[in-house]
Structure formats: C-alpha cells, structure tokens
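A.B. asks: Work out the full structure: start from the sequences and follow the hints.
Sequence lines, in order, name chains A and B. Okay, so the first sequence: first residue is 184 according to the working numbering, each after it adds one. Okay, so the second sequence: first residue is 184 according to the working numbering, each after it adds one.
Just so you know, these hints were derived from the structure itself, not from any lab. Remember, it's a predicted structure, so these values are computed and weren't measured experimentally. Mixed in with the good hints, there may be bad ones.
Unchecked claim - In silico EDC-like cross-links for lysine to aspartate or glutamate, where the CA-CA straight-line distance does not exceed 16 Å:
#  : chain 1 : residue 1 : chain 2 : residue 2
1  : B       : K213      : A       : E305
2  : A       : K255      : A       : E321
3  : A       : K213      : B       : E309
4  : A       : K273      : A       : E324
5  : A       : K213      : B       : E367
6  : A       : K273      : A       : E375
7  : B       : K213      : A       : E309
8  : B       : K255      : B       : E321
9  : B       : K241      : B       : E309
10 : A       : K312      : A       : E242
11 : B       : K273      : B       : E318
12 : B       : K255      : B       : E318
Said to hold, decoys possible - Among chain A residues calculated to face chain B with C-beta under 7 Å, some are:
#  : residue
13 : G214
14 : A217
15 : A303
16 : I346
17 : T353
18 : I376
Idealized CB from N, CA, C, for every residue including glycine.
Protein chains: 2
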Amino acid sequence: MGRNPARNQQVKEARREQILSAALHLFAAKGLFATRISDIATAVGVSQGLIYRYFASKEEIFTALIRHAFEKMNAACRILEAMPIPPVEKVKLALERLIEGLSQSADAAQYYLLIAQATASESIPEEAKAVIDGENREPYEVLARIFAEGQRTGAFRQDPPEILAQLFWTSITGLSIFKAVHNEWFTAPNPEILLRMFVPEQP
Amino acid sequence: MGRNPARNQQVKEARREQILSAALHLFAAKGLFATRISDIATAVGVSQGLIYRYFASKEEIFTALIRHAFEKMNAACRILEAMPIPPVEKVKLALERLIEGLSQSADAAQYYLLIAQATASESIPEEAKAVIDGENREPYEVLARIFAEGQRTGAFRQDPPEILAQLFWTSITGLSIFKAVHNEWFTAPNPEILLRMFVPEQP
DNA sequence: GTCTATATCCAGATAGAC
DNA sequence: GTCTATCTGGATATAGAC
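C.D. replies: Next up, the structure:
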C-alpha cells in the first residue's frame with residue numbers, strides 16, 4: 184500500500200475516468216450548457232472545486248469525450264472496411280454491432296448521442312468543433328465506399344452510395360437518440376429490417 | 184395609416200411571430216441554454232429588453248415553439264390516419280411529405296430538430312416537458328396502428344408494429360438532424376428506399 | 001488530495017427615460 | 001413601443017486552509 188509514484192498515477196487516472204464517465208452521462212442527458220460542473224462533482228461524489236485539479240475547464244472535459252468518441256468510432260470503421268468479407272456482410276455486421284451496442288451498453292448509446300448532439304449544436308468549444316470537422320466524415324466515407332463496391336456486383340441498390348451511407352448513419356443516429364431518451368420503450372429492431380433499405384428486391 | 188386597435192394588434196402579432204421565428208432557428212442551431220435572449224433580439228433587430236414585452240421569459244418562447252411544433256405534427260398524423268387510402272399508401276405518403284418538407288422548407292427541419300432536441304434533453308422548462316409527455320406518443324401510436332392494419336392483409340412485414348413505428352420515426356429524426364446540421368451535403372433520399380424497411384419481399 | 005470560501009463574470013430580467 | 005441602464009442570481013474558476 185506504499186505511495187509510490189506509479190500507484191499515485193493510477194489513482195489519478197482512475198479519478199479522471201470517473202469524472203469523464205459522469206460527464207458523459209450528464210452531457211448526453213442534459214447537454215453541455217445545462218450541465219454544471221457541480222452536477223459532475225456531485226455525481227462523482229467530490230467537491231466542485233476538485234474537478235479543476237483534473238481538467239482546466241468544463242469545455243476540456245467535453246472535448247476529451249468527443250475526441251474519445253470519434254477515435255473509437257473511426258477505428259471501428261477502419262477495421263470494418265479492412266475485413267476480408269463481402270460488402271453486404273460488412274454492412275450487415277456493422278448494423279448488428281451497432282444495434283447490439285445500443286441494446287447492451289448504455290455507454291455506447293450515450294457516446295452516439297453525444298456525437299449527435301455535438302454535431303447538431305453550434306455552441307460547442309472551438310477545439311471540439313475542430314475535432315468534429317476533422318473526424319466527422321470518415322464514417323460516411325467508409326460506408327459510401329463499401330456501398331459502391333457492393334453495387335458493382337449488384338449486391339446493393341443502385342442509388343448513389345452517398346445517399347445510402349447517409350441513410351445508414353441517420354438511421355443509427357435516430358435510434359441512438361430514441362434509446363437514450365426512451366430507454367424503457369426501446370426495443371432493438373432486427374438488423375435485417377434496416378438492411379432491406381440497401382439490398383435490391385430478389386426477383 | 185390610422186392607429187386603430189385592430190391594426191395595433193396586427194403589428195404586435197407580427198412582432199411576436201418575428202421573435203418566434205428567430206428563436207426557432209437559434210434554438211435549433213444552438214440549443215435552449217446556449218441561445219441568449221440577446222441573440223434573439225439581435226436576430227430580430229431590436230433591443231434585448233424589448234423581448235420581455237412579448238414574452239415573460241426565454242422559457243416561455245421555447246414552450247410556445249414546442250407546443251406549436253407538436254400541434255402541427257399531431258394534426259398531420261390524425262389527418263393521415265383518417266385518409267381513405269390503404270395503409271401502405273399512408274406510410275408512403277407520410278414518407279414523401281416528410282422528406283419533401285425536409286428538402287424544401289428550412290422551418291420543417293428545424294421544428295423536427297427542436298422536437299428531437301427537446302425530447303432528448305432533461306433540462307427544459309417544466310411546462311415544455313408536460314407538453315412533450317402529453318403529445319409525444321401520438322405519432323408513434325398512429326403509425327403503429329397503420330402498420331398493424333396493413334399487416335392483416337400482408338402489406339407490411341410481420342414484425343411488431345411498435346418496432347416498425349419506432350423505425351419510421353427514428354429514421355425521420357435522424358434525417359432531420361442531418362439536414363439541419365449539414366444542410367449543404369444533404370440529399371433527399373427516395374422515399375421508396377425507406378419504405379422497403381416496412382414492406383415484405385415480393386416472392 | 002480534497003474541501004470551503006470567494007472573486008469574477010455573464011446572462012436573465014426589471015425599471016425608468018424617451 | 002422601444003431603448004438604455006441597472007439589478008440580481010447563479011455558475012465558472014481560483015485561492016487558501018486542512
């Protein structure tokens with residue numbers, strides 16, 4: 184139980200995580216502006232002043248969460264694209280994973296909600312805006328490429344791949360918001376239903 | 184150009200509308216908390232103090248907008264349900280109208296966004312929350328009834344009608360947010376694509 | 001490391017002049 | 001009716017004690 188530097192660092196990191204986790208839930212529920220630093224402190228169970236030992240400002244907390252959310256999302260997209268499976272299977276797998284994530288982990292839905300909310304609001308920190316501008320397009324572009332590839336073998340409808348990608352992500356955004364808000368009523372849809380937007384009629 | 188009471192009333196009403204319109208755009212873009220009364224006043228081109236001659240508070244403006252948004256939405260739903268056309272045609276028509284509304288009128292998308300955002304946030308005025316709790320379910324219930332009716336003749340997939348209704352509205356919410364945020368990139372999808380989530384495979 | 005107390009700032013709302 | 005000036009409250013962020 185010595186107080187060596189490594190252990191101190193661990194403890195400090197753990198507290199940071201606590202703060203980030205509490206902030207994620209509060210931001211997702213109430214938004215950046217309506218969430219007070221004291222709300223976060225109360226949720227963590229510490230005094231309001233202590234938060235500033237770990238983060239310089241409320242905006243810094245928000246930016247850290249946004250950065251983390253996009254890192255996870257874009258890494259997942261790149262892994263998906265590189266998988267050695269047919270395009271239709273990639274879309275199917277992505278839908279399954281995303282919907283499963285919504286059903287099981289509250290965190291997943293709240294990260295999506297945070298992204299949706301941050302993207303939809305102009306009044307967010309400049310730095311967070313820069314992160315969004317830089318990272319935002321990747322999921323759309325990856326999906327558009329997957330759709331375009333599948334269209335060459337007729338596996339997908341022939342609509343512009345950008346439109347299919349837009350529908351893919353807007354559907355997920357809509358479901359995330361619904362789940363985050365009406366957690367009780369939410370029932371995970373069968374991914375096959377969403378998939379039917381993208382695959383052509385079987386003659 | 185006399186200053187009779189009727190004309191005065193008209194002028195006053197017009198200014199109220201100006202304020203509501205400016206507030207709608209600002210709330211949709213920045214959210215309730217991030218929007219300042221002075222932002223609204225600047226957008227209208229009047230002093231900050233004047234707003235209080237027309238509304239008692241910022242929250243009252245927000246609540247008025249929410250009420251108006253749901254009134255329009257629910258009236259449209261009731262009209263749709265009562266139409267003497269088959270269920271599939273109702274869903275098709277609704278999708279067409281909603282997507283058209285998104286493409287053409289900026290206001291439509293912003294009303295949807297306001298509803299999405301208000302629904303998604305806990306920190307909204309009590310009165311607005313009451314309006315939402317009361318009016319929120321109707322669109323889902325109407326669509327679920329339409330789906331259930333169509334399922335009896337096999338016109339729709341046999342998934343639970345509540346899930347189909349959930350997918351219907353979450354898709355629209357997602358598209359609305361995308362349109363409100365990335366107005367330039369947005370391309371209205373063919374409603375038939377969305378419809379394919381709900382209709383079964385043609386054998 | 002954590003808390004309490006406080007300085008500072010900013011936005012909502014009001015009052016009074018024109 | 002509209003504006004300018006002001007009051008007031010509340011939240012961020014800091015400073016200093018334990």
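A.B. asks: Against each hint, give a clear statement of whether it holds in the structure.
C.D. replies: Here is how each hint holds up against the structure:
1. B:K213 / A:E305: 5 Å, holds
2. A:K255 / A:E321: With a Cα-Cα distance of about 12 Å, the restraint between A:K255 and A:E321 holds, given a limit of 16 Å.
3. A:K213 / B:E309: With a Cα-Cα distance of about 14 Å, the restraint between A:K213 and B:E309 holds, given a limit of 16 Å.
4. A:K273 / A:E324: 14 Å, holds
5. A:K213 / B:E367: 28 Å, violated
6. A:K273 / A:E375: 13 Å, holds
7. B:K213 / A:E309: 14 Å, holds
8. B:K255 / B:E321: 12 Å, holds
9. B:K241 / B:E309: 13 Å, holds
10. A:K312 / A:E242: 11 Å, holds
11. B:K273 / B:E318: Cα-Cα ~21 Å, so violated.
12. B:K255 / B:E318: Within the cut-off at roughly 11 Å; holds.
13. G214: 5 Å, holds
14. A217: Holds - the Cβ of A:A217 comes within 7 Å of chain B, reaching about 3 Å at its closest.
15. A303: 5 Å, holds
16. I346: 5 Å, holds
17. T353: Holds. Min distance 3 Å.
18. I376: 5 Å, holds
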